[in-house]
Amino acid sequence: MQNIKLTLQYDGTRYLGWKRPEKDHNDRTVSYKIENVLEKVTGTPVTLLSGVRTEPGVHARNLTVNFLTESQLTPAEFKTVLNQYLPQDIAVLDAVSTPERFRADLNAREITYEYAMDLSPIYDLFHKNYRGRLTDLLSDSLFDLSPEQTAELPNILLMETAAHSLLGTHDFKHFSSIRKKKGTEKEIKTITFVTEESTLYIRMTANDFLYQMAPFILGTLLDIGIGKRPVECINAILEGKEKPSASCDTKGLILYDIVY
1 MQNIKLTLQY DGTRYLGWKR PEKDHNDRTV SYKIENVLEK VTGTPVTLLS GVRTEPGVHA
61 RNLTVNFLTE SQLTPAEFKT VLNQYLPQDI AVLDAVSTPE RFRADLNARE ITYEYAMDLS
121 PIYDLFHKNY RGRLTDLLSD SLFDLSPEQT AELPNILLME TAAHSLLGTH DFKHFSSIRK
181 KKGTEKEIKT ITFVTEESTL YIRMTANDFL YQMAPFILGT LLDIGIGKRP VECINAILEG
241 KEKPSASCDT KGLILYDIVY
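Counted from 1, the sequence shown has number 41 at position 41 by my numbering; the numbering is strictly sequential.
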C-alpha cells in the first residue's frame with residue numbers, strides 16, 4: 001500500500017469548493033475532478049484527504065492532499081498522468097511517497113490564507129478573477145462619498161485594531177456555517193495588512209480554520225474598514241450576540257500555504 005502526497009494549485013473560479021458539505025453537485029468540486037482521474041488510472045475508487053477544504057470560488061496556491069493506493073504507479077507517474085488529464089485550472093506541483101501514518105487532514109500545524117483587494121477606482125480587468133474590489137463594497141454609499149473620503153478607505157488602523165481581538169485561541173463557531181459542538185476552538189497566530197501598488201493584501205495564519213471561517217472573518221474586517229461596522233462587533237460575534245458580515249468576495253481569496 002502506497003501513501004501518495006500531492007501538492008496542488010488550482011483556480012477555484014468555476015468550482016463549488018474542494019468538496020461539498022452535502023453530496024449534491026460533487027461533480028463540480030476540485031476533489032471530484034482529481035478523484036475521478038485517479039479512479040480511472042488505478043481501477044479502484046480513491047479518497048483524497050485534504051489539509052483544507054476550500055470554499056466555493058476560493059483558489060489554492062499550495063494545498064497538500066494524500067491518498068492510499070495499491071497501484072504500482074510511482075509518484076512521478078501519478079504527477080504526469082494527473083497533469084495530463086486534469087482540467088487546465090488544476091495543477092499537480094509535486095507528488096511524493098510519504099509514511100502510511102501521514103494524513104494531510106490531521107497533521108497540519110499552520111494554514112495561511114491571503115486576500116487581495118483592488119483599491120483603485122478603475123478596476124484592473126486582468127485581475128478580475130483574483131482580486132476583490134473596493135468599489136463593490138462601497139457601491140451603496142459611493143455617491144455619498146467624496147473622492148478624498150474614498151481614497152482613505154478602507155481604514156487599515158481600524159482593521160488592525162479589530163484583528164487584534166481575533167488573535168489567540170477562541171471559539172470561532174459563530175464565524176462558521178458548520179454547526180458542531182466540538183472542535184470549534186482555533187488559534188489565529190497572525191493577521192497582517194500590506195498595501196502594494198493599489199492592492200491590499202490581508203494574510204491570516206491559524207492552526208486550523210472552520211468551514212467558511214476565513215471568508216466570514218475577512219468580510220467582517222472589511223466592513224469595519226469601510227465604517228459599516230464598529231470594531232467592537234468582533235467580540236460580540238465571538239460571544240454569539242451578533243452575526244458575522246457576509247463572506248468576502250471569494251475570488252480574491254487564496255489558500256496561500258500549509259505547514260506540516
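Keep in mind that the hints are not guaranteed to be accurate.
Distance ranges between label pairs, derived from CB positions [unchecked claim]:
1) Thr47 with Gly168: 29 to 37 Å
2) Gln2 with Thr169: 33 to 41 Å
3) Pro230 with Leu93: 40 to 48 Å
4) Glu187 with Lys40: 54 to 62 Å
5) Asn207 with Arg179: 18 to 26 Å
6) Met1 with His164: 14 to 22 Å
7) Ser97 with Asp136: 22 to 30 Å
8) Tyr85 with Thr13: 17 to 25 Å
9) Val259 with Pro230: 32 to 40 Å
10) Leu106 with Val41: 32 to 40 Å
11) Asn207 with Leu93: 33 to 41 Å
12) Asp136 with Asn26: 27 to 35 Å
13) Phe126 with Pro230: 31 to 39 Å
If you are wondering where the hints come from, they were derived from the structure by calculation, not from laboratory data. Think of the CB as a built atom: it goes at the ideal place given N, C-alpha and C, for glycine as much as any other residue.
Hints the structure fails to honour: 4, 6, 7, 10 and 11
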